[in-house]
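Asks: All chains, full assembly: derive it from the sequences and hints.
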Amino acid sequence: MTFRLTCPVCGKRDVYEFTFGGQERGPRPGQEGLSAEDHFRWTQYRLIPYAPGEEWWYHAQGCGLWFKTTRDPATNREVEE
Amino acid sequence: MSYLRLRRLWKPSPLKRRYEVVIIGGGIHGLATAYYLARHHGIRDVAVLESQYIGFGGSGRNTAIVRANQRTVENVRLYEEGLKLWRVLTDELDYNLMFFNCGVLGLGHSEASVSAFRMLCNTHNFLGVKSELLDPQQCAEMIPGLDISDRLAFPVQAGLYHPPGGVVRHDAVVWGLAKGASAHGVHIHQGCEVQGIDTEGGRVTGVRTTLGPIGCKRLGIMAGGYGGAVAAMLGMELPIHPLTIQAMVTHPLKPFLHHVFSSGAYHVYANQTLKGEIATGAHMDPQVNYTNDATAYYLKHQAEALTELIPALRGVRFMRIWAGLADMTPDMAPIMEGNLGYDGLFLDAGWGYFGFKSGPVAGKYMAEYMATDERPAMLRAFQLKRFLENRYSGETAAAMKYGHWD
Numbered sequence: 000m001t002f003r004l005t006c007p008v009c010g011k012r013d014v015y016e017f018t019f020g021g022q023e024r025g026p027r028p029g030q031e032g033l034s035a036e037d038h039f040r041w042t043q044y045r046l047i048p049y050a051p052g053e054e055w056w057y058h059a060q061g062c063g064l065w066f067k068t069t070r071d072p073a074t075n076r077e078v079e080e
Numbered sequence: 000m001s002y003l004r005l006r007r008l009w010k011p012s013p014l015k016r017r018y019e020v021v022i023i024g025g026g027i028h029g030l031a032t033a034y035y036l037a038r039h040h041g042i043r044d045v046a047v048l049e050s051q052y053i054g055f056g057g058s059g060r061n062t063a064i065v066r067a068n069q070r071t072v073e074n075v076r077l078y079e080e081g082l083k084l085w086r087v088l089t090d091e092l093d094y095n096l097m098f099f100n101c102g103v104l105g106l107g108h109s110e111a112s113v114s115a116f117r118m119l120c121n122t123h124n125f126l127g128v129k130s131e132l133l134d135p136q137q138c139a140e141m142i143p144g145l146d147i148s149d150r151l152a153f154p155v156q157a158g159l160y161h162p163p164g165g166v167v168r169h170d171a172v173v174w175g176l177a178k179g180a181s182a183h184g185v186h187i188h189q190g191c192e193v194q195g196i197d198t199e200g201g202r203v204t205g206v207r208t209t210l211g212p213i214g215c216k217r218l219g220i221m222a223g224g225y226g227g228a229v230a231a232m233l234g235m236e237l238p239i240h241p242l243t244i245q246a247m248v249t250h251p252l253k254p255f256l257h258h259v260f261s262s263g264a265y266h267v268y269a270n271q272t273l274k275g276e277i278a279t280g281a282h283m284d285p286q287v288n289y290t291n292d293a294t295a296y297y298l299k300h301q302a303e304a305l306t307e308l309i310p311a312l313r314g315v316r317f318m319r320i321w322a323g324l325a326d327m328t329p330d331m332a333p334i335m336e337g338n339l340g341y342d343g344l345f346l347d348a349g350w351g352y353f354g355f356k357s358g359p360v361a362g363k364y365m366a367e368y369m370a371t372d373e374r375p376a377m378l379r380a381f382q383l384k385r386f387l388e389n390r391y392s393g394e395t396a397a398a399m400k401y402g403h404w405d
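Chains as they are written, first to last, in numbering that gives the first Met the number 0: chain A, 0 to 80; chain B, 0 to 405.
One should not assume that every hint holds.
Below, a list of computed lysine to aspartate or glutamate pairs in the EDC-like style, where the Cα atoms sit at most 20 Å apart [as the list claims (entries may be wrong)]: (1) B:K129 x B:E192; (2) B:K384 x A:D13; (3) B:K384 x A:D37; (4) B:K15 x B:D197; (5) B:K299 x A:D71; (6) A:K11 x A:E31; (7) A:K11 x A:D37; (8) B:K299 x A:D13; (9) A:K67 x A:E16; (10) B:K384 x B:E236; (11) B:K384 x B:E373; (12) B:K253 x B:E276.
Hint data in this document are derived by calculation from the structure and do not stem from the laboratory.
Because the structure is a prediction, the values reported are computed rather than measured.
Replies: Rendered as structure tokens:
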């Protein structure tokens with residue numbers, strides 16, 4: 000089943016209107032002295048447990064807003080605040 | 000009438016509180032590893048823990064296609080050995096895995112894919128794996144009804160035919176391996192969900208499950224798409240993104256499609272099952288999740304792509320749709336590791352959508368790794384540290400562009 004995400008501007012819309020932007024993982028590490036290893040860890044390593052987490056989404060076929068929402072990978076659904 | 004008598008393929012076994020080896024995941028990878036541990040290495044004190052029923056995950060949700068037409072030398076060698084194992088296992092397990100050696104045809108729709116095919120073809124032939132380049136006319140002769148006209152937005156420009164490939168009955172593989180493992184003394188525990196992993200002094204000591212704690216000396220995480228979630232129990236981050244991939248079958252038709260065919264540009268792979276259904280799929284949802292959600296959106300998308308390539312299929316109805324998990328790594332190659340972070344911890348994950356075709360061969364080498372503690376030469380290319388050393392496998396060069404992760 001498909002599901003809906005809550006866009007802060009447009010409200011609840013079908014998930015296929017959105018582009019997945021990945022998990023929220025804090026600010027990008029500074030370029031100064033950044034090792035290839037640390038850069039790779041930041042871009043690719045993930046902890047994806049059966050628990051809700053904050054994510055970035057982009058309303059590509061809507062208002063064009065990048066926003067954060069909480070979704071649970073175990074249920075594939077947005078978690079209501 | 001003895002053929003009507005129902006016989007259990009694998010024995011129910013008592014749950015012991017301690018095993019030498021515990022394997023998380025009762026799919027093809029876990030069962031194959033257990034089977035080879037017992038058969039080749041004499042380690043019979045093995046438990047396979049499956050949270051649902053064996054074959055619940057990717058092992059029973061794939062489209063059963065097997066092939067060895069990968070891009071890189073390491074991968075071609077691994078999958079080629081995997082292909083050869085189907086016949087051996089059918090014999091060894093005394094169970095018909097229904098390997099249908101029908102060949103796999105990839106379609107190229109752009110200049111870039113034609114040159115990629117050329118490169119792939121040369122790699123395969125260099126390594127002694129059969130592959131040949133076909134022109135559109137030859138493709139149409141192999142796939143009746145294939146539209147090779149320039150009506151398509153992206154007309155067929157070439158094909159890469161790989162005769163050693165085909166399809167294998169995926170449930171039979173699960174059941175056959177369970178039968179074989181059980182016959183060698185392996186305990187298979189279904190409905191036993193792992194909820195935590197215990198370690199002590201840098202060693203794995205056991206797992207906590209819904210059926211109580213189980214101790215072990217060696218632990219294999221072979222949970223397919225769920226591997227990342229199991230590793231997360233140890234707080235272990237991995238470059239793995241679990242995504243659902245959807246597949247579907249039409250109602251049965253008279254046999255007309257005698258080969259597996261795939262098209263990267265149209266996001267389709269399809270084959271006709273022995274029952275006559277067209278099994279097709281390829282679409283992935285982009286957001287990480289552990290569900291088996293199938294969607295009407297992709298059902299429509301798949302119907303459009305399939306009927307664009309074979310217009311005669313218009314009006315044919317889809318009967319079932321399902322989804323499984325693909326655990327994607329950044330370079331489309333798996334991660335097979337031993338003593339990872341903790342002594343006795345083994346990881347077999349990141350197979351993406353190649354987990355089925357690689358099951359037995361991965362099990363064979365993981366069993367060797369777990370039994371000897373020495374990394375088999377075949378697995379050298381699949382270490383986790385390759386990412387941190389900027390030595391990605393070149394496998395993405397062969398892949399169709401499916402999404403943001405590649």
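Asks: Does D13 of chain A lie within 20 Å of K384 of chain B when you go C-alpha to C-alpha?
Replies: Measuring from Cα to Cα gives roughly 39 Å; hence the hint is violated.
Asks: Given the hinted pair K299 of chain B and D71 of chain A, is their Cα-Cα distance within 20 Å?
Replies: Distance ~26 Å between K299 of chain B and D71 of chain A Cα, so the pair is violated.
Asks: Compare the distance between the alpha carbons of K384 of chain B and D37 of chain A with 20 Å, and conclude whether the hinted pair is satisfied.
Replies: Distance ~12 Å between K384 of chain B and D37 of chain A Cα, so the pair holds.
Asks: Would the hint linking K11 of chain A and D37 of chain A be met if the CA-CA limit is 20 Å?
Replies: violated (37 Å)
Asks: Are the Cα atoms of K15 of chain B and D197 of chain B separated by 20 Å or less?
Replies: OK: K15 of chain B and D197 of chain B at ~17 Å, within 20 Å.
Asks: Under the criterion that the straight-line Cα-Cα distance not exceed 20 Å, is the pair K67 of chain A, E16 of chain A satisfied?
Replies: holds (15 Å)
Asks: Regarding the pair K129 of chain B and E192 of chain B, is the alpha-carbon distance no greater than 20 Å?
Replies: violated (42 Å)
Asks: Straight-line Cα separation of K384 of chain B and E373 of chain B no greater than 20 Å?
Replies: holds (16 Å)
Asks: Taking only the CA atoms, is the gap from K299 of chain B to D13 of chain A under or equal to 20 Å?
Replies: holds (15 Å)
Asks: Is K384 of chain B close enough to E236 of chain B, meaning Cα to Cα at most 20 Å?
Replies: Answer holds: K384 of chain B to E236 of chain B is near 13 Å, not above 20 Å.
Asks: Decide if the proposed pair is consistent with the structure: K253 of chain B and E276 of chain B, CA atoms, cutoff 20 Å inclusive.
Replies: Cα-Cα ~9 Å, so holds.
Asks: Does K11 of chain A pair with E31 of chain A here, judged by a C-alpha cut-off of 20 Å?
Replies: Given pair K11 of chain A, E31 of chain A is violated - Cα atoms ~41 Å apart, limit 20 Å.
In terms of the numbered hints stated before, the structure departs from hints 1, 2, 5, 6 and 7, listed from lowest to highest.
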